[in-house]
Amino acid sequence: DTAVSQTPKYLVTQMGNDKSIKCEQNLGHDTMYWYKQDSKKFLKIMFSYNNKELIINETVPNRFSPKSPDKAHLNLHINSLELGDSAVYFCASSQVGEKLFFGSGTQLSVL
Amino acid sequence: KNEVEQSPQNLTAQEGEFITINCSYSVGISALHWLQQHPGGGIVSLFMLSSGKKKHGRLIATINIQEKHSSLHITASHPRDSAVYICAVSPGTDKLIFGTGTRLQVFP
Chain A
1 DTAVSQTPKY
11 LVTQMGNDKS
21 IKCEQNLGHD
31 TMYWYKQDSK
41 KFLKIMFSYN
51 NKELIINETV
61 PNRFSPKSPD
71 KAHLNLHINS
81 LELGDSAVYF
91 CASSQVGEKL
101 FFGSGTQLSV
111 L
Chain B
1 KNEVEQSPQN
11 LTAQEGEFIT
21 INCSYSVGIS
31 ALHWLQQHPG
41 GGIVSLFMLS
51 SGKKKHGRLI
61 ATINIQEKHS
71 SLHITASHPR
81 DSAVYICAVS
91 PGTDKLIFGT
101 GTRLQVFP
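Quick mapping for you: the protein sequence lines, in order, are chains A and B. Residue numbering for the first sequence follows the numbering used here, starting at 1 and increasing by one per position. Residue numbering for the second sequence follows the numbering used here, starting at 1 and increasing by one per position.
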């Protein structure tokens with residue numbers, strides 16, 4: 001069983017579309033994250049949720065809206081996609097003060 | 001200047017060599033993470049440490065809080081160690097600040 005699973009693995013879409021990426025963890029962790037990895041492979045945190053509550057929102061455009069229906073799921077919805085949104089998006093989870101577990105990433109390409 | 005600096009950016013080694021990757025940071029932290037990103041893109045957490053030294057197999061991570069410096073060592077390197085190694089620091093919140101990574105290639 002995959003500990004942190006995110007879908008889809010690849011997402012190709014046109015500018016202006018709305019898309020979602022789903023993430024689920026079966027580790028019982030309280031905290032979940034979304035990270036963005038740009039074309040230079042630099043990782044940056046976007047959001048952090050603890051027990052379904054938003055903890056961190058790092059100057060991300062409000063076209064990006066995370067949704068946590070329960071503490072095992074943290075989905076990322078993106079409205080009005082732009083070329084600059086093309087990147088790899090990683091979901092992760094952890095228990096407070098412990099190591100992170102990452103999903104396998106979603107490569108988003110906006111054409 | 002990034003709050004987390006890694007060196008070297010790129011590293012090439014022959015199989016069996018001892019490898020050191022360095023990480024320096026400029027903020028106060030509660031913990032430091034070493035991550036490994038495989039060529040296929042997946043990210044694995046290798047260590048999380050807040051003091052001293054940790055060892056797992058051929059990997060050793062050390063941290064000097066006073067010097068704001070950490071090192072990741074790989075003993076008896078192997079081609080399967082080829083990956084990008086990323087240092088990240090936690091400034092006391094759930095936020096992680098990442099270094100730009102060190103690309104390691106180990107040749108047989």
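The hints are simulated quantities; they were obtained by calculation from the structure and are not laboratory data. Small disclaimer: the values here were computed from a predicted structure and weren't measured. Even glycine gets a Cβ: it sits at the ideal position worked out from N, Cα and C. Don't take every hint at face value.
To be verified - Sample of chain A residues at the chain B side, in silico, Cβ under 7 angstroms:
no., residue
1, Met46
2, Ser48
3, Asn51
4, Ile55
5, Phe102
Stated by the list, open to error - Computed cross-link-like contacts, SDA-like style, restricted to lysine to any residue with a CA-CA straight-line distance of at most 25 angstroms:
no., chain 1, residue 1, chain 2, residue 2
6, B, Lys95, A, Gln95
7, B, Lys53, A, Gln95
8, A, Lys44, B, Met48
9, A, Lys36, B, Lys53
10, A, Lys99, B, Ala13
11, A, Lys41, B, Pro8
12, A, Lys41, B, Gln66
13, A, Lys9, B, Leu46
14, A, Lys71, A, Gly84
15, A, Lys36, B, Ser26
16, A, Lys36, B, Gly52
17, B, Lys95, A, Gln14
18, A, Lys44, B, Ala31
19, A, Lys99, B, Pro108
20, A, Lys41, B, Gly52
21, A, Lys41, A, Gln14
Now for the hints, and whether the structure bears them out:
no. : hint                  : in the structure
1   : Met46                 : violated (11 angstroms)
2   : Ser48                 : holds (4 angstroms)
3   : Asn51                 : violated (12 angstroms)
4   : Ile55                 : holds (5 angstroms)
5   : Phe102                : holds (4 angstroms)
6   : B:Lys95 with A:Gln95  : holds (13 angstroms)
7   : B:Lys53 with A:Gln95  : holds (21 angstroms)
8   : A:Lys44 with B:Met48  : holds (18 angstroms)
9   : A:Lys36 with B:Lys53  : violated (29 angstroms)
10  : A:Lys99 with B:Ala13  : violated (28 angstroms)
11  : A:Lys41 with B:Pro8   : holds (16 angstroms)
12  : A:Lys41 with B:Gln66  : violated (29 angstroms)
13  : A:Lys9 with B:Leu46   : holds (23 angstroms)
14  : A:Lys71 with A:Gly84  : violated (30 angstroms)
15  : A:Lys36 with B:Ser26  : holds (22 angstroms)
16  : A:Lys36 with B:Gly52  : violated (30 angstroms)
17  : B:Lys95 with A:Gln14  : violated (31 angstroms)
18  : A:Lys44 with B:Ala31  : holds (17 angstroms)
19  : A:Lys99 with B:Pro108 : violated (31 angstroms)
20  : A:Lys41 with B:Gly52  : violated (29 angstroms)
21  : A:Lys41 with A:Gln14  : holds (23 angstroms)
Of the hints listed earlier, those the structure fails to meet are numbers 1, 3, 9, 10, 12, 14, 16, 17, 19 and 20, in rising order.
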